[in-house]
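K.L.:
Dock chain to chain to rebuild the complex, using the hints, since each chain is given by itself in its own frame.
Here are the chains, one letter per residue:
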Amino acid sequence: MWTTDQRKRLVLEHEILQREGFDQFSVYINKATDTYYAAGTATANSGRRYQLHIPIPSGYPGERPPMYLIDPYPLRMANGNLVTSLGVSHLMHTLEPSSSGWAQICHWRTARWHSGIVLQKVFLKGLIWIEAYEQHLATGRPLAEFVLTMAERA
Amino acid sequence: MSINDPQRQMIQEAMKSIAERKPGRTKLVYDKTKRTIVAVSEGTQAPRALNITADDADMFAVATLSSRWLREHWPELKRDGSIAVALSSWDGGDALTQRDLGVQPAPSPEQGTVVLDERTAAPAGVAVRIVLAPTDGTRPDAATFLAPDGSFYRAAGRRTAGGDDQPIDVCFADVQPELATRRAGVLESTVLADKMVLCIGLGTGGAHAAIELAKCGVGRFTLVDRDRLSVGNVVRHPGGISQVGRLKVNVVRDLIHEKNPDAEVATHPVDVSYENQESIGQLVAQSDVVICGTDNRPSKLLINQLCIEAGVVAVYGGAFRRAYGGQVLRVRPKQSLCHQCFVAAMPDEASDVEISTSSDAEAVAYSDQPVAVEPGLSMDVLPIANLLTKLALLELLAGKQTSLSILKRDFDAPWYLWLNRPEPGTQYASWPPLSASTDEMTIHRWYGIYIERDPQCPVCGDFLSSIADGYGLDLTSLNELPASPRQES
Numbered sequence: 001m002w003t004t005d006q007r008k009r010l011v012l013e014h015e016i017l018q019r020e021g022f023d024q025f026s027v028y029i030n031k032a033t034d035t036y037y038a039a040g041t042a043t044a045n046s047g048r049r050y051q052l053h054i055p056i057p058s059g060y061p062g063e064r065p066p067m068y069l070i071d072p073y074p075l076r077m078a079n080g081n082l083v084t085s086l087g088v089s090h091l092m093h094t095l096e097p098s099s100s101g102w103a104q105i106c107h108w109r110t111a112r113w114h115s116g117i118v119l120q121k122v123f124l125k126g127l128i129w130i131e132a133y134e135q136h137l138a139t140g141r142p143l144a145e146f147v148l149t150m151a152e153r154a
Numbered sequence: 155m156s157i158n159d160p161q162r163q164m165i166q167e168a169m170k171s172i173a174e175r176k177p178g179r180t181k182l183v184y185d186k187t188k189r190t191i192v193a194v195s196e197g198t199q200a201p202r203a204l205n206i207t208a209d210d211a212d213m214f215a216v217a218t219l220s221s222r223w224l225r226e227h228w229p230e231l232k233r234d235g236s237i238a239v240a241l242s243s244w245d246g247g248d249a250l251t252q253r254d255l256g257v258q259p260a261p262s263p264e265q266g267t268v269v270l271d272e273r274t275a276a277p278a279g280v281a282v283r284i285v286l287a288p289t290d291g292t293r294p295d296a297a298t299f300l301a302p303d304g305s306f307y308r309a310a311g312r313r314t315a316g317g318d319d320q321p322i323d324v325c326f327a328d329v330q331p332e333l334a335t336r337r338a339g340v341l342e343s344t345v346l347a348d349k350m351v352l353c354i355g356l357g358t359g360g361a362h363a364a365i366e367l368a369k370c371g372v373g374r375f376t377l378v379d380r381d382r383l384s385v386g387n388v389v390r391h392p393g394g395i396s397q398v399g400r401l402k403v404n405v406v407r408d409l410i411h412e413k414n415p416d417a418e419v420a421t422h423p424v425d426v427s428y429e430n431q432e433s434i435g436q437l438v439a440q441s442d443v444v445i446c447g448t449d450n451r452p453s454k455l456l457i458n459q460l461c462i463e464a465g466v467v468a469v470y471g472g473a474f475r476r477a478y479g480g481q482v483l484r485v486r487p488k489q490s491l492c493h494q495c496f497v498a499a500m501p502d503e504a505s506d507v508e509i510s511t512s513s514d515a516e517a518v519a520y521s522d523q524p525v526a527v528e529p530g531l532s533m534d535v536l537p538i539a540n541l542l543t544k545l546a547l548l549e550l551l552a553g554k555q556t557s558l559s560i561l562k563r564d565f566d567a568p569w570y571l572w573l574n575r576p577e578p579g580t581q582y583a584s585w586p587p588l589s590a591s592t593d594e595m596t597i598h599r600w601y602g603i604y605i606e607r608d609p610q611c612p613v614c615g616d617f618l619s620s621i622a623d624g625y626g627l628d629l630t631s632l633n634e635l636p637a638s639p640r641q642e643s
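Heads up: the protein sequence lines correspond to chains Y and D, in order. According to the working numbering, the first sequence is numbered sequentially starting from 1. According to the working numbering, the second sequence is numbered sequentially starting from 155.
It cannot be assumed that every hint is accurate.
Stated by the list, open to error - Which stretches of chain D does chain Y cover? Using the computed rule of at least three CB atoms under 8 Å from a CB of chain Y, they are:
1) 448-462
2) 609-618
Said to hold, decoys possible - For each label pair, taking beta carbons as the anchor points, the in silico distance ranges come out as:
3) 51(Y) with 604(D): 18 to 26 Å
4) 110(Y) with 340(D): 40 to 48 Å
5) 531(D) with 8(Y): 41 to 49 Å
6) 47(Y) with 525(D): 36 to 44 Å
7) 630(D) with 145(Y): 25 to 33 Å
8) 71(Y) with 348(D): 58 to 66 Å
9) 1(Y) with 465(D): 22 to 30 Å
10) 552(D) with 4(Y): 50 to 58 Å
Don't read these hints as lab results, they were simulated from the structure. Think of the CB as a built atom: it goes at the ideal place given N, C-alpha and C, for glycine as much as any other residue.
Bound-form chain D, shown alone (with noise of 0.2 Å):
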């Protein structure tokens, strides 16, 4: 068969529409009365043929190796002629994932090498082989590899195992610029690169909303919260069995950087509380938005009120008993509702608490009457998070001009309320059916609603004079206070 054979050619279209995974004009099928196999029309009616999918070809484990890192050790490369990779060998080997690329290494790990001659041999036991032969870069693939110097390498790897010698494919991932790629119809790549997020509290709503703004690429987090990863967690949070007792700070911290890999993350293992007030207070105001996924209310006044001091905008998130529903409040200092306006105007709402934890129960439990730990359903309370997260991400492009940007007309409200379910025995439970309602209040739909500033509140307004007016008191000329008559305090 020549190379111009119209069969050799319609071959090579076939196979490179089948490595591409994309269709083609013609196709591969088995045929098994030539018992071989042959290129065919697309659309040919073959009945003594058996059709060749992508995935029969899909025949080789691929390694991944990043660009990145080969670029920043093209020196030492080029200097001894190999050069050591560690590999995570995923499935059995189908995936070799280079570890510099993540931060969860599988459990079987392999050694590599990267050389630029051919001939260059493996170091004893070292089982992957990934040779670099030059060539002219006018057709680049995912094997293709731009060396700092210009020029152009393609990969080809074998790798030894239990005796067999087979080849595996090679492509090397540009981390940044992929994931930047993805987002770019949404989001500039560089708009969230520099945003510092605190996020207080990583529970599920907390650590959802942490990640999901690393995949915006979100760049900086500080991350505070004291409690461990604990089994019961597993079925609500993103941290997984294998991460129960670690401490749930680092846990997010290295599920961020599976998401974004250069996001700085800042870990701080400890509790919110006015003991510790002010290294809290330095962390927020060096952010640019604050988070609060805390469950309790005295964290969640401490952070409203060092957000105040700061003018440091601050999203709070938080589901009601069993999740039924959850709400979400967004704090612009001194121009809208602060957490203590919020809690003082509607104590109800802001007292309807999921006790999730055996301490949210211990916190409004007495001995002789306990309160249960009754979570709810993570599903119910993903919503309260992605709005959270969506909320938090508006405020990061504040003054920005993103497609989001019209978002702005429809977030305008400070307070945002969702149900779940029509809770028996709450205002919600004679809420009409969604089928049955177009107009009327109903599950599963946000409602922003308007609640206006408190100019006398104790924390964003100016509660000692409207106090002092009340009592007919003039705050310039009070009385010094009496001191103590004993030595105690």
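Just chain Y, same shape as in the assembly (with noise of 0.2 Å):
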């Protein structure tokens, strides 16, 4: 199913995780099911903890992979509602849940991942998106006026 160079690039991926300050993540291989997985635990800057998991599809890095927040779990705006419950929102920068109710982070769409993006970038927008929900929580305003719409380029 996954080919060698797939194999390497996410060897790679894992590597560039722990040296480049970002060890709170890893890609992990579930032996069992042959498949693949990036997880961690991203800490806010209030010192609030997040959990994040990124299932690699069988296309990656052509195909993009989600991001979820897994943790807290169910995950609530503001106002109390869930923030599953927007679907796929710009005002809070989130895409389609998961079939388990874990809301998705909006990293970059579909229609601009390229195979240069690596995950360590994707991660980054995690963080960056934790931060601005937390400012969100504070303050009551759409994320989005936290964060810029993400811009294309690796």
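P.N.:
Have a look at this one:
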């Protein structure tokens, strides 16, 4: 299922995370199912902790990997509503939630993704989203007011 | 009037000119004084006469039969003395075209019979009867048929309709030789017959390119598109309103057959996605050239990856928003930049796409920020489709000497830019008017632009080594990935 280049790339991406100060995140292999995912705990400036989870799709790196925020669960907005209730939202920079109800963070839209983007950049966008989310919780203002529409360049 | 009467000879000459629709030395006029048709020398002023033109003389319906079909059925005709022929009746019976000639029959079918003996009557209910009479073949015309045994026959037809029995003209069409003759000035007729073109995405541009290549004589097509033709498509797509609801692959297949009846066309009404990349990859590997007319980046990048892996040249075309312009990218694997190099080097240009369908809009919209469907005009998409076709054609002709070979010099850039209008809000808004500039960039001109291939491209280059170098990592001594601490993926 996975090509040699795909496997090599994921090993390399894991190494980049470890060496570039992103070692709270790792790329994992599930040997039983021969599947990959990247995951880790992001700590916001406030000290609050958020679990990020990126299942690696079979077409990676050509195919865009989704990034889910799996803890806290369920994730709520400042008004108490579920983030996932918004679906694909520009105001909160979210995409379709997972079938298990995890909120999906919009890092790159599928129409903007390309295989030159590495997981380190994806996690960086996740960290930015979390800081903006905390600002949203503090002010009640839409998350989009705290982050620019994410640029395409990797 | 004797057979040698000069007037009789002039009439014969004039009628021949009219039948061949060529000017002659004599012409026919209706002499109002004599109340009869007479022949006069061309240039003669006949004040009391009415000129007779070829259109006046074109009185009979025309039945067109396939020479190839008749050659194939000749033994049957010789054995039985007659053979049934299915005709499409167009324009109230003005044109009767054998159905075997094309794929799109007229709404009014008509039955005919071809007979070898004038005394053979048509079966009941058969309106058209075509008699083949032996002839010496010294003056062959459109009604002359050369049988497989080398003998010549001349066809004459009659049609019975509403109690009237009218003569009809008969002509034979030898489709492939006649089509090849029309291309022969520029393309050798057989050069493209064995070439396989994979057309992925059959919107306005992709469909147009496929049909144009069929006209050029490309003989094998594989068509991939999951969509059906909608009413909204019709203002741009080659398919018409009578085709609405059909799969685009089938609409385009039939249009290809209308232009090149012998073309082999395989259809795949599927999406281009990572789920079916293996099957799409097989189609790519079997192709000489891939034409990518899809309108979204994921499919383009997937096709790019598959073409690079298979070493197959791909040509990508796309219109900018509302088709204010467009671009064409030709990718020669590992020789020129690929689509991945392009999106990384030119992200703004790569992202400037036409939103021509609701699915295009959904791909970039948010539930709280909709995106309008804003297709451009057909006339603004066709220049892009034409260059897409030409670049594909040049790739198919690579290594062949044709009149088009000279174009390899002109179309050597990988990326081509076209502007239909200086769209406000774009970097092109201040381009000078066409009339004011001869050396500055303007609308309605193609610009070939060189962009270097990225040797570190993740698709066509050595991304892994370069990124490892960039981070000071040794690819040969990387640790294994940690095993998942959880059971689920």
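K.L.:
Next, verify each hint and record whether it holds.
P.N.:
Against the structure, the hints come out as follows:
1. Interface restraint, the segment 448-462 of chain D with chain Y: holds (6 residues with C-beta to C-beta distance below 8 Å; minimum three).
2. A count of 5 residues in the segment 609-618 of chain D with a Cβ less than 8 Å from any Cβ of chain Y is obtained; the coverage claim is therefore met, three being the minimum.
3. Separated by about 47 Å at the C-beta atoms, residue 51(Y) and residue 604(D) break the suggested range of 18 to 26 Å.
4. Checked against the hint of 40 to 48 Å, the C-beta distance between residue 110(Y) and residue 340(D) comes to roughly 42 Å, which is consistent with it.
5. Roughly 47 Å separates the CB atoms of residue 531(D) and residue 8(Y), a value that falls within the hinted 41 to 49 Å.
6. Between residue 47(Y) and residue 525(D) the CB atoms are about 39 Å apart, so this pair conforms to the stated range of 36 to 44 Å.
7. Checked against the given bound of 25 to 33 Å, the beta carbons of residue 630(D) and residue 145(Y), roughly 47 Å apart, lie outside it.
8. A beta carbon spacing of about 60 Å between residue 71(Y) and residue 348(D) agrees with the range 58 to 66 Å that was offered as a hint.
9. Between residue 1(Y) and residue 465(D) the beta carbons are some 23 Å apart, a value that agrees with the proposed interval 22 to 30 Å.
10. A beta carbon spacing of about 31 Å between residue 552(D) and residue 4(Y) contradicts the range 50 to 58 Å that was offered as a hint.
Consistency with the previously given hints fails for numbers 3, 7 and 10, ordered from lowest to highest.
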